[in-house]
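K.L.:
Chains as they are written, first to last, in my numbering: chain G, 462 to 563; chain S, 9 to 495; chain L, 113 to 279; chain A, 142 to 756; chain H, 194 to 707.
The set of hints was computed from the structure by calculation and includes no laboratory data. Predicted, not measured: the structure shown is a model, and the values here were computed from it. Any given hint might turn out to be false.
[What the hints assert, rightly or not] Partner residues aside, some chain H positions facing chain A, computed with beta carbon under 7 Å:
{"id": "1", "residue": "Ile-234"}
{"id": "2", "residue": "Gly-238"}
{"id": "3", "residue": "Ala-471"}
{"id": "4", "residue": "Ile-483"}
{"id": "5", "residue": "Leu-487"}
{"id": "6", "residue": "Ile-488"}
{"id": "7", "residue": "Asp-523"}
{"id": "8", "residue": "Leu-582"}
{"id": "9", "residue": "Ala-599"}
{"id": "10", "residue": "Ala-610"}
{"id": "11", "residue": "Ala-617"}
{"id": "12", "residue": "Gln-625"}
Virtual Cβ for every residue (Gly too), placed ideally from N, Cα, C.
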Amino acid sequence: MGHVPLSWYLILSVILFALGVAGFVYRKSVITVFLSIELMLNAVNLSFVAFSYQMHRIDGHIYSFFVMVVAAAEAAVGLAIILTIFKNRGTLQIDEVDSMKL
Amino acid sequence: MPINIDVSSTDYLRFLPETLLTVFGIIVMMVEAALPAASKRTSLGVLSLIGIAAAFAANIAANESSGPAFSNMIMVDGYGTFFRAVVLVVGFLCILASLGYLEREQSQKGEYYALMLFSMVGQCILATSSDLIMVFIGLEISSIATYILAGFLRDDRRNNEAALKYFLLGSFATAFLLYGIAWIYGLIGSTNLIEIRRALDQGTQPGVLAGLAAALMFVGFAFKVSAVPFQMWAPDVYQGAAAPVSAFMSTGPKAAAFAIFFRVFLVSFRPLNARWIWLVWGCALATMIVGNFAALLQTNVKRLLGYSSIAHAGYVLVALTASSQVGVAAAMFYLAAYALMNIGAFAVISHIAQRHEQYVRIEDLAGLGRREPVTAALLAIFVFSLIGIPLTGGFFGKFYIFQAALNSHLIWLTVLGLMNSGIAAYYYLKIIVAIYMQEPGTATAQLPPPSMSLRIAIWASAIGVLFLGIFPGAVLNFANFSAAALR
Amino acid sequence: MVDTVLFIICAIVAIVCGFNVVLQRHPISSALSLIGVMSSLAVLYLLLGAEFIAMAQMIVYGGAVMVLFTFVIMLLNAGTEKASSKSWFAQIAGLPLLLAFVGVLAFLIRAVLPPLAAVAFGSWVGGTAEHIGQLLFTTYLLPFEVISVLILIAILGAVALAQKEID
Amino acid sequence: MNLWLIPFFPLIGFFLNGLLGRRLSKPLVNLIAVGSVAASFVCVLVVLSKLWPIDNTYTEHYFTWIQSGFLQIGFDQMLDRLTAVMLLIVTGVGLIIHIYSIGYMAHEGGYYRFFSYLNLFMFFMLLLVLAANLLVVFVGWEGVGLCSYLLVGFYFREDWATNAGNKAFIVNRVGDFGFSLGIFLAVATFHTLDFGKMAAALQGMPAEVGFGALTLIALLLFVGATGKSAQIPLYVWLPDAMAGPTPVSALIHAATMVTAGVYMIARMSFLYNHAPAASEVVAVIGVATAVFAATIGLTQNDIKKVYAYSTISQLGYMFLGVGVGAYSTGIFHLMTHAFFKALLFLGAGSVIHGLGGEQDLRHMGGLRKAMPITFVTLLCGSLSISGFPGFAGFFSKDSILLAAYGHAPWMFWVGAITAGMTAFYVFRAFFLAFFGTYRGHHHPHESPAVMTLPLVVLALLATFGGFINIPEFLSRSYPLGYQENVGRMAISAGFGILGILLAYVMYVAKPALADTVKNAFGAVYTLIFNKYYIDEIYQAAIVKPLEGISRFVLWHGVDEGVIDFGMVNGMAHLVRGWGSLFRRMQSGSIRNYATWVLAGSLLVIFVLGLVGGGR
Amino acid sequence: MNLLLATLLLPLIGFFVLLLTPRDSKAPFGVALLTTLVTFIASLGLIAPAAENGAQFRSAYDALWVDAPGLQIHFHVGVDGLSLWLVLLTTLLLPIAVWVSQTMITERHKSFYAFLLLFEFGIIGVFTALDLFVFYVFWEVALVPMYLMVGGWGGRRSGPAAVKFFVYTFLGSAFMLSAILYLRSQAGTFDYLEIMSRLNAGQFVLSPTQQLWIFLGFFAAFAVKVPIFPFHTWLPNAYTEAATPATFVLAAAMSKMGTYGLIRYCLTLTSAGAHRCASWVVVLAIIGIIYGALIALIQPNIKRLIAYSSVSHLGFVVLGIFSFSHQGADGAVYQMIAHGLSTGALFLLVGYLEQRRGSLEIGDFGGVATPAPGLATAFMIALLAAIGLPLLCNFIGEFLVLQGAALTRFSWAAWAAVGVILSAAYMFWMYQRTFLGKTNERTASFVDLSTRDWVPLLPLIVLMVWLGVYTQSFMPPITSATSHILDQTNMNNQYQVKLVLPAAGKLTELAHAH
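Just chain G, same shape as in the assembly:
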């Protein structure tokens, strides 16, 4: 005993992923919603690293690394998009961005 079962890590990952989803579904500020996506990506990273440990291979780390890069790029683009939204609508309430529907 004394060692933490890997499955705990995985379950933590699941919980964090789910929290990310929850944030996406329940938060009403565009920025928080976007933050929730980052949370989901972090959760996935945790899984990658945990699985890497399991197999003693570092491919998972590479994945995590790439995910971070992607997240950074997404952040740049996403925030730029949010900027344009704010500029045109003067709001960051996600529920008000629904002019196209039905």
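Got chain G; can you put chains S, L, A and H on it based on the hints?
P.N.:
Here is chains S, L, A and H on its own, set in the frame of chain G:
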């Protein structure tokens, strides 16, 4: 850990199309910086067209020496080559259609063309990738570039909204995909598609967990191809984005996503076939039904085409359900045909819509047949192809898909699918009715003639659609031959 | 023992911060909570022997990305969320679906996943910068090169969409 | 031998007058019209003289008309003694009436049209008579019906004329419905429609007992005959058909076309001999029609209507004759009837012509001085139809009644009483027109020679035609079917004379009596005067309901309501309903969309992970 | 040069040539007329070979069209006695349509002619295709220009009518495509002759259930196209709203596509299915005959009346086909041609009426015969043909159909013959109210038919008489084709023709007994 990497020139040749696209993307940006402020930026578009042409040539060359490259990261085979070609043609036509559009909107910028090219890089990678890491990166490159393109006219509220929706939901779905990749990695220890297949064939992993991984990846792919119930974004985004961008989004990224969808599910997850086949069955049916039924009530042409693209995704999913070589070939053919007809339709709409896309309702098409008989006739060809009338690519694709389905004994899916295409005729015909059977409205009355580049795009799409419908043999042969890659 | 304690502490911090991300009504609180999550994850990465990733997590994520976020939040002066009656489907169906999601996945991990190795701190250190670097420039050369296109796109996108604010 | 020439000439006449008549002068039109019939008459004479004494059936095959499977139908014509009689009647009487028409139609518009129709009629009638198989009979059968329609509706600007034309054609179609079914069944039974072959198939077979195929065929064909020959229940068109010009009534609705049913039954005697039940029906319908129509005839005021009902009645006699198996008597009466009824109609036409179109008996009277020739000839005709001994009608009618007595005495009695009624109403009309004082306004005048000459010829035939012994002539094919019986002949003749006397008393001697009688019978009179309200009953029971059902149930109800609105639009609504549901799910809200993605992913995980089975 | 190929491709070539002509000139008319006439002349050459032996496909042309692994599609066309007259009917009708379009179409002539030519290409293809895929392709190719013609020209509500027409038929053909694909998955080829020979040789067998489903698939498409009750509700709208030349080809030529398909494919490929459903189909056909006639009886619009009469007339064709008798089949084919001629002529005349009066409500007419005797006469002739007067074309068809039906089941014929009575009623009633009676102030100035108006009518009238009198010019190829088809049907399915009443054989038995 042995370090043996020999990257040969062949590897670079196999990756040449992507490289060329990137290089031209960079050149476009540099040239733009060098251009005097007042000069016209159309030349940038021409430059990117040249880049695409070069990439196309490189694609053919790469196919001559097919095989894996960069330690099995990508796999150049007929299948990949086909989709690369589709993507490149799509990009070419969309840029052609964009030239005049951007001029009209006074948004002629180098970034647009560069982003187009970069997006195509991602799609080409998707078409050829043979490792999930490449899948992820290709998908992101393609998607992020497309998010920006969707919101490219940043002063346009609809563009903003489209970009935001596409971006947030796209990233959300990508997270699922990524989670699926993590699980695959955790279960199998590799993300190489062939390795996954091999491991699953041996069956040492719990099938349930493999199923879970497949399910999460399915969510990601299904989102990208707008399959029910992950289709919600598509109509909103296609409606909101600029028409040439919608044309691009609904064809290029979609074809690429389907390419990898098929590759992953038919190569890697084939051992799980029994698990996912009914899922895809239901998904295909639901996608056809939702797309077609919801489109019945649309009055906005772009939104209508958005729903129609959902429905067409459903047809392609039928081919996936068939999960046979014929099915793959059918899907390839169909996506190529669909790309042409959809780009054509969107291109004509972008012309009719006029400045700031004021005229995108069906009734704005009224009387087009009298005012511009040629444009109208071409639009009619696209619409008939979307309906699936013989002698157009749309028909032959649909025919081939359902034949594949029947060969795999999917009788009910075939019947229901074909019924769906019958119902679909109704909303497409609303366009035809407007063009030919109504008096000209205000929109068509003040229509300036289409620009030369747009005309070329439309004509090329139309000729392509008819060629695929009348002489499907060559493309079909190639598709069939290369579909063998997915075993 | 230390492993367990560390894990539990970090896990609790991560979860609490995660909840905070979801529950806070002001974006800036959510952003700060997210930094908390990331930091505790960095510790967990270290526990799992991923040195490089732990560092990258702090520098890239905690540093660059989150700073960008806070910046934008400040820039836009994003206020507290307003209550909205829209998206009723999300309000109603969200929670049960989430619980089901967590339940199913947790069940699968506990019940179906074959027993995995237990994590012992320092028992395996593969994820040094050297290891990563080697792999990155051999096997993962192509993705590594290609991801530069992504960065390029990000730059382009930021320029294309936010140009006016910049000049 | 070229039998085809016989109908061919009138056909040429039809085409010439029909296509060019408008540009031709009247004499030329006359020449073509009358000439073609005359040529055809000559042709008949030549043919008959060559074939005389016509002991065998002579057949000519021209071309295969229809060939399909086992069924082969030739365009064939044949000639035997029956045909010969018919040919002579049709061409002979036809010629006379054509000549008469020159005078009668002289002042009418559409002169060429009239003659071309008349020629066309001759063509079809001759085709019918000469046909060697049932289908060619049917061609003529329908063709004469068409001509009847065209000629009844000749005054096409008038609604009463076109209504009558439509009625004639449609009622005939109902009959033809039966006729055609008979043909189908005959093909199914005999595999041929040739008279010769059918007869041969039945040769030596016993008569059918009960109700079998043969009876059914015979009855179905008889349904056709009731239509064409105006028998109960399809007689209703004939009185209305008097809307046509009077020569048409004479030719088509008295002398030739309406007798086609009788001819057909005689032609198909081999069949009816094998279907006694059907023959019984024919006889009963015949006798019933005879008496029924005669009662209506008693009360009519329109001179042509009187003759029309008398035609129906006389046709009933003929069917009685052929129904009881005495085919030759039916044909005999057919011939004499052709003479005297044509005469009566032409005489009536002469009266009408002389009075400027007046047809109502109440507006005539005392014409015997103004129109002496018409008076005399019409008297001959009236006596003939009344069965006054010595006149043509006497012989033929009595032969039928004698045959009927041999079959069933009640038929004889009914027939004899009918004869009395016939005599009464014919003479009623005669007396009302020619005796008493003139009650009209137009100045009456005698008709021109071109009209009176035919009257004279027909009067001679009506008077002496009875001496042409048709039963004897046809005895080779048809047994005589009756025995001479002076007593019974006297009875029927007596009824006739009684009728004439009664008419004389009521309309010449004591004119007031008529009204007294009329009032005495009150309700019965009204019933009969209104033709038993049969037209109204048909209208209320068939036509109106059919229209109502078609309009409200089928069109608005089923077609527009159930199928189009209910099923087709209902499906569309269903699809649209689902569509709008899917559309409403598309709420535009990003968070909702994400929730759908979440829900979808759960579903996918369930299906792929848990439902997929296995580990 | 293969004459059939020439007949098929000439309209297509003409179509492309037409596209190059200037819009506002006489040139499109000239090109269209010339093309259709040359096509007609070329199609005359098909008679001789096909008449030699109607059971075989002559002038056949077979070329590999699509060649992909696992999918060979042959462009295989040929003419037998069944398709021969239908092709000729089409090629005859099209020049007429072009001719009358000159005056009856008021705008966008060029497009209309183009669609006519495309339509001709499609429909000739339908009648001659020997490959199920090719058949389907032509089936739809004929539909599209027709849809555009119906919707693009004509009444105010022609658009919705056209859409209904299209969606209805397209939905039907979706089932047919399913059936074709399924058949192919069983037979391994699309080639009709190949499938038949494999079936006959027993190389593959379709179980009765399979046959039933395939039959139903085909039937759905054909039933809508014919149309068979209750799939007919698109027809009155489409016929009435379309411009008259469009109605003309729609009614005269296109309605034969469905019946042709029934007899060509349903009877042979899926004989067991056809036999199993025969009595139902016949019931529907008979309902259609009577129902169409009854509704025609009270129609206030001439065009709609003739439209419903078409439902009735085409019911006869279906009845004939599904009586499985020689007479019925022959009659059905004959009736197809006859209906094409008579209804075609009627619609032409309706067009003339509409030109002169601007309306087709019967109430707006009356007394037309007085100012326009020629028009009235021509109408009467066409009408007489339509109601099946002997010596005119429809009679032969109706007679044989009813005869065939009577041979199979007498009650069928009895019910169907009711339609014959009713046809006289509605036609004559309409004629009376339109042409007869007194003129009113609007009809008094009616202009009679000019020479130009007579030109298209004359060939139709001549043919109506010719087909009615001398059937031997037309019947032999039909008979040999239908007997071949019936042989195949019965070979694959032992079907007893049941007579309700004793046949001749029984009579002779009776005779011997005594």
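K.L.:
Now tell me, hint by hint, if it's right for this structure.
P.N.:
Here is what the structure says about each hint:
For H:Ile-234, the suggested interface contact is broken, since its CB lies about 28 Å from the closest CB of chain A, more than 7 Å. At a threshold of 7 Å, the smallest CB-CB gap from H:Gly-238 to chain A is about 25 Å, leaving the interface hint violated. The closest approach between the C-beta of H:Ala-471 and any C-beta of chain A is roughly 18 Å, which is over the 7 Å cut-off, so the hint fails. With 7 Å as the threshold, the beta carbon of H:Ile-483 stays out of range of chain A, its nearest partner Cβ sitting at about 9 Å, so the hint is violated.
Among the interface hints, the one on H:Leu-487 holds; its C-beta lies about 4 Å from the nearest C-beta in chain A, closer than the 7 Å criterion. Because the smallest distance between the Cβ of H:Ile-488 and any Cβ of chain A comes to about 5 Å, under 7 Å, the interface hint for this residue holds. A cut of 7 Å between beta carbons decides the hint on H:Asp-523: the least distance to chain A is about 4 Å, and the hint holds. For H:Leu-582, the shortest C-beta to C-beta distance to chain A is roughly 6 Å, which falls under 7 Å, so the interface hint holds.
Hint status for H:Ala-599 relative to chain A: holds, with the closest Cβ pair at about 4 Å, below 7 Å. With a least beta-carbon distance of about 5 Å to chain A, the hint placing H:Ala-610 at the interface is held under the 7 Å criterion. Below 7 Å, beta-carbon pairs count as interface contacts, and H:Ala-617 has one with chain A at about 4 Å; its hint therefore holds. Hint status for H:Gln-625: holds, given a least beta-carbon distance of 5 Å to chain A, under 7 Å.
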